[in-house]
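Undergrad: Take a look at the letters that make up each chain.
2 protein chains.
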Amino acid sequence: MNKKIKIGIVGYGNLGKGAIEAIKQTQDMELVAVFTRRDPKDLNINDVKTLHISEASDYKNEIDVMILCGGSATDLPEQTPYFASMFNTVDSYDTHAKIPEFYASVNEAATKNNTTSIISVGWDPGLFSINRVLADAILPNGENYTFWGKGLSQGHSDAVRRVEGVKNGVQYTIPSEAAMDKVRSGENPELATADKHNRVCYIVAEEGADKAKIENEIKTMPNYFADYDTEVHFITEEELKRDHSKAPHGGFVIRGGNTGAGNKQIYEFSLKLDSNPEFTASVLVAYARAAYRLNQEKQFGAKSVFDVAPGYISPKTAEELRRDYL
Amino acid sequence: MNKKIKIGIVGYGNLGKGAIEAIKQTQDMELVAVFTRRDPKDLNINDVKTLHISEASDYKNEIDVMILCGGSATDLPEQTPYFASMFNTVDSYDTHAKIPEFYASVNEAATKNNTTSIISVGWDPGLFSINRVLADAILPNGENYTFWGKGLSQGHSDAVRRVEGVKNGVQYTIPSEAAMDKVRSGENPELATADKHNRVCYIVAEEGADKAKIENEIKTMPNYFADYDTEVHFITEEELKRDHSKAPHGGFVIRGGNTGAGNKQIYEFSLKLDSNPEFTASVLVAYARAAYRLNQEKQFGAKSVFDVAPGYISPKTAEELRRDYL
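Going down the list, the sequences are from chains A and B. In this text, residue positions in the first sequence follow our numbering: the first is 4, and each later residue adds one. In this text, residue positions in the second sequence follow our numbering: the first is 4, and each later residue adds one.
One or more hints might be untrue.
Copies of one chain are not kept apart here, so a pair can be met inside one copy or by any two copies together.
Cut-off 20 Å, straight-line C-alpha distance, at most; resulting in silico cross-link-like pairs (EDC-like, lysine to aspartate or glutamate) [as the list claims (entries may be wrong)]:
#1 LYS153 x ASP184
#2 LYS153 x ASP246
#3 LYS20 x ASP78
#4 LYS170 x ASP246
#5 LYS27 x ASP161
#6 LYS27 x GLU146
#7 LYS63 x ASP161
#8 LYS267 x ASP246
#9 LYS185 x ASP31
Hints were generated in silico from the structure; no laboratory data involved. All values derive from a computational prediction rather than experimental measurement.
Based on the provided sequences and hints, a complete structural model is requested.
TA: If you want it as structure tokens, here you go:
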């Protein structure tokens, strides 16, 4: 057995917790420490060294890859370039519109310091992105469609909870079966986001609240619901706790393409996830392996999933993969 | 616009024809010539130079990548090492059990001559293989399942046509919905190939033949049908021509994995293809782009799809991919 890849985790939210679990499932990695902005003593993690984020620089020679588990809004734009100046990194930066500038700032830090940083890793961006690129390259005469869900949407759940008379509630984004069937038929329809998704809300109303008014207010809410086919169900607080406390998610990338004299070819990738953060963390951990290997090969700088050959994320050797998986 | 990638095709069967069509859909490639073992005059291809395979060596400096469209049984074990000694190549070698020795002989020829050969490209082996590796690396605690179909099986169609009283016929391999549902539920069942697939035959009987006897003989045929849930339908010659003359195929790679404290995560990839050879050829053409680029970067030797980063098969630049597809 080769020496294990030494991993650090920055951030102890749901993603950081998922990364700890995912590392446990590997044979070739070991977790050195979790770094946090909070008082490390408050984390109470069993068997894992917990340190303040300011101590990370002392671990330059003891950690091969830092898995950055912060958020995209404010954490990662600062943290990834900072950690990339000292460590190989992976992160799940997902503000699609700002990826080019994020890439540029990480690439500068990583190139200057001979580190390797794989950005925007997870499932979207991440596995979905890979499938959009492969499908597009193989079937140039076609159209890509991305559907999200069934998934709990944090932003929309917040929106329904702000409605007067709502005590608690959640919102699921659900891909429209009718739209998916159209896409799978290969007819490459024009579809707006609202055509592709329905919205289903489970609401706990305040006692005595006017449910018809709540339902109407949700269904007509601009931007969030007005353009969508929306269902509102009223449930009890107990039902909410029992049936809606997980963070499931998933989705579909489908491409319908034509080859030759009009033969239809349907390419489809999908995920159905009980736990969105645990799955995303599992993707990050697999790509941490790739970051380590790319760095060993002196492939420095910022990378995306498009730059990583599939074999690099597997713990198996090239020989094993050709023999058992090809 | 950069100079176009110059492509040669070896073999003018269904795969070679599909490759000609796929190249037409690209902006960055041009077809230089098709090489054949037959008399080139007999091919009658419009607007495409047709040459005898023995002339290929004269084109060493005029072709960037040779797409090898021969069969795996006898053509490719000879042709790939031979052409790899002169050209970058891609092929669809699919005898899974012999891939290690095939790889070794191609790698020797390519390494010695500074060429790049991507072997076993297509959908299985190929895209399915990529998904088996990605899913396994991301969800180590889980199980991979591959289902094939709905697809016309040449070997099984030949078998039913050998039954006494059968005038003509085809056989489709169909994934079992019940087995797929079990896999998608995340319970990771034990399934034999026969549990995962059903077989459906469309038979044209000779006039006066005993249909019950034919049906029984097919359903009890060892290896081919006896272990499977098999349907036999009798149709007319006209119906066979009208409804069963295409070569559809496809299939599914599904992995059910567990993360954390038993959260189920379902990863699924599928293809539904009107034309198996045209789709396979489209994958070969996209990977020809990768073979050219890898060779430009001096990555010589035999490669598999596991060694090729997704961005290499796309005609788009890394910047475009990050901006529009990530």
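Undergrad: Check each numbered hint from earlier against the structure, then list the numbers of those it violates in ascending order.
TA: 5, 7, 9
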